[in-house]
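Following the hints, put chain B in place on chain A, whose structure we already have.
Taken in order, these protein sequences are the chains called A and B.
In this text, residue positions in the first sequence follow my numbering: the first is 1, and each later residue adds one.
In this text, residue positions in the second sequence follow my numbering: the first is 1, and each later residue adds one.
Simulated from the structure, these hints should not be mistaken for laboratory data.
Check each hint, because a few of them may be wrong.
[Unchecked claim] Keeping only pairs whose Cα atoms sit at most 27 Å apart, straight-line, the calculated BS3-like set for lysine-lysine is:
1) K74/A / K5/B
2) K315/B / K61/A
3) K55/B / K44/B
4) K61/A / K44/B
5) K245/B / K315/B
Listed here are the chains, written in short residue letters.
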Amino acid sequence: MRAIVTVVGRDRVGIIAEVCTLLSKNNVNILDINQTILQEFFTMTMLVDVSNSVISFAELKEALAAKGGEMGLKIRIQNEDIFEAMHRI
Amino acid sequence: MVNSKEILETLEMIDQQHLDIRTITMGISLRDCAHPDANKCCDKIYDKITRCAEKLVQTGEDIERELGIPIVNKRISVTPMAMAAESCETEDFVPFAKTMDRAAKEVGVNFIGGFSALVHKGFTSGDRRLIAAIPQALTETERVCSSVNVATTKAGINMDAVALMGRTIKTAAEMTKDSGGMACAKLVVFANAVEDNPFMAGAFHGVGEPECVINVGVSGPGVVHHALTKVKGESFDVVADTIKKTAFRITRMGQLVAQEASARLGVPFGIVDLSLAPTPAIGDSVADILEEMGLSTVGSHGTTAALALLNDAVKKGGVMASSHVGGLSGAFIPVSEDAGMIAAVKAGALTLEKLEAMTCVCSVGLDMIAVPGDTSAETISAIIADESAIGVVNNKTTAVRIIPAPGMVVGDTVDFGGLLGTAPVMPVNAGDPTLLIARGGRIPAPLHSLRN
Chain A
1 MRAIVTVVGR
11 DRVGIIAEVC
21 TLLSKNNVNI
31 LDINQTILQE
41 FFTMTMLVDV
51 SNSVISFAEL
61 KEALAAKGGE
71 MGLKIRIQNE
81 DIFEAMHRI
Chain B
1 MVNSKEILET
11 LEMIDQQHLD
21 IRTITMGISL
31 RDCAHPDANK
41 CCDKIYDKIT
51 RCAEKLVQTG
61 EDIERELGIP
71 IVNKRISVTP
81 MAMAAESCET
91 EDFVPFAKTM
101 DRAAKEVGVN
111 FIGGFSALVH
121 KGFTSGDRRL
131 IAAIPQALTE
141 TERVCSSVNV
151 ATTKAGINMD
161 AVALMGRTIK
171 TAAEMTKDSG
181 GMACAKLVVF
191 ANAVEDNPFM
201 AGAFHGVGEP
211 ECVINVGVSG
221 PGVVHHALTK
231 VKGESFDVVA
241 DTIKKTAFRI
251 TRMGQLVAQE
261 ASARLGVPFG
271 IVDLSLAPTP
281 AIGDSVADIL
291 EEMGLSTVGS
301 HGTTAALALL
311 NDAVKKGGVM
321 ASSHVGGLSG
331 AFIPVSEDAG
341 MIAAVKAGAL
351 TLEKLEAMTC
361 VCSVGLDMIA
371 VPGDTSAETI
381 SAIIADESAI
391 GVVNNKTTAV
401 RIIPAPGMVV
411 GDTVDFGGLL
421 GTAPVMPVNA
431 GDPTLLIARG
441 GRIPAPLHSL
451 RN
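This is chain A alone, in the form it adopts within the complex (with noise of 0.2 Å):
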């Protein structure tokens, strides 16, 4: 399955490396990664695939939220099909 990883919050050092680190431990694999800078406000979106993880879904999406919450940022990761269902035809 693949899933789309969000990252949103008050930018600082090694965001995205402690946000692969946490994926590739797990054994995610990143296909595509687009970061800017909105407001002030770090914003990474990231294409994944979840097929090989070593974890559950549900695990995955609570050890990224929590990895959020000790960084001040809101992670979260959803299955692709959302995205592509609102926004492709």
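Coordinates of chain B only, in the frame set by chain A:
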């Protein structure tokens, strides 16, 4: 890959504009549960509901987690109980409601619809016993919803049923007077009821429906409102187009959830109901959309036109996004569940008469309206008759969910809590329709019902 802007736009809809899936409703046929022994019938009903819906809530939560979209309600609708229980040798239909309630609690759904009867042309013995049980059934259960269809475009209006429902609503209010007449908030009187409506309190599993089915109701008044704030001052051509595009996106999401739920539960997908259903939360209001179109307050002149456009554009946008559209599909205007409507009623800008006019152009009808406790059964019947006439003549669904709040007068407020919200008590016309209601019989179907 969808781009970041689109991803963030979706997240903003969910986080700030209250975008959600309002309900996944599983329709379950109870036609194979009939038995002469009422206890055995109840057992069969309980077993069937809990068997079919065992994984409904869990599956809904799994989809919610995976897609990151809230699915607010997981619900069940069943075959109108007047049919399922008709063969039982018992006068008392209350135990069937209690069985539904028990099954709902067991599987964890917050409402179960279908304590219902379809009497638009007349009553069977099961219909009579069911309607007689409604006040007590809704008083002694928590999650059961009831509906009675009293009119159709094909059959006309059953005025005996209209009179009976006025009295039933009064009794139901009286029996739940400690909670502001709560039983009435779970009771809908329909004209042209639909068989696949996933929304409560009017959901039931129609006789033409399959054994088990998944219907999904989408929502999103906040998203439509937000989209319209970006086209201030533009013509109605632009307004209609903006609503259509927004409705399309919302519905695509509903379709996705419906397909996922259907596949995971192994139950056929029925329909997506394209409705704008408000909640009491600020920013989740249909009234806000109408005011964004240029009204100072909902209820003022121009409201009906604005609502007509909204209702039509929602359908046009949504219909392309789903393989099967059904249910009520349109804008809901439940007063107690919409912060903007509540404010307009309190300010004296929105009256019962204007709401009646609005029901001519939107889905459903007079919904979650509180009226003074001393409103007579005949006046309530007359309100039902008027709404039924609008539905029958205009070939659309209309409904009345009205609460004659015991002991309350105009200016008071009834608080039902949760999704049912807060209803300001509205004045009713003081004229007396007693003689009209006493006539009984049937109002014949209109000429345009003869379409063959």
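Checked hints:
1. Annotation: proposed proximity of K74/A to K5/B holds, straight-line Cα distance about 17 Å (limit 27 Å).
2. Between K315/B and K61/A, the direct Cα distance comes to roughly 35 Å. Violation of the 27 Å bound is thereby established for this hinted pair.
3. Straight-line distance between C-alpha atoms of K55/B and K44/B comes to about 19 Å, which keeps the hinted pair within the 27 Å bound.
4. Between the alpha carbons of K61/A and K44/B the distance comes to roughly 40 Å, so the proposed pair goes past 27 Å and is violated.
5. Distance restraint check for K245/B and K315/B: the Cα-Cα separation of roughly 11 Å lies within the 27 Å cut-off, and the hinted pair is therefore satisfied.
Of the numbered hints listed earlier, those contradicted by the structure are 2 and 4.
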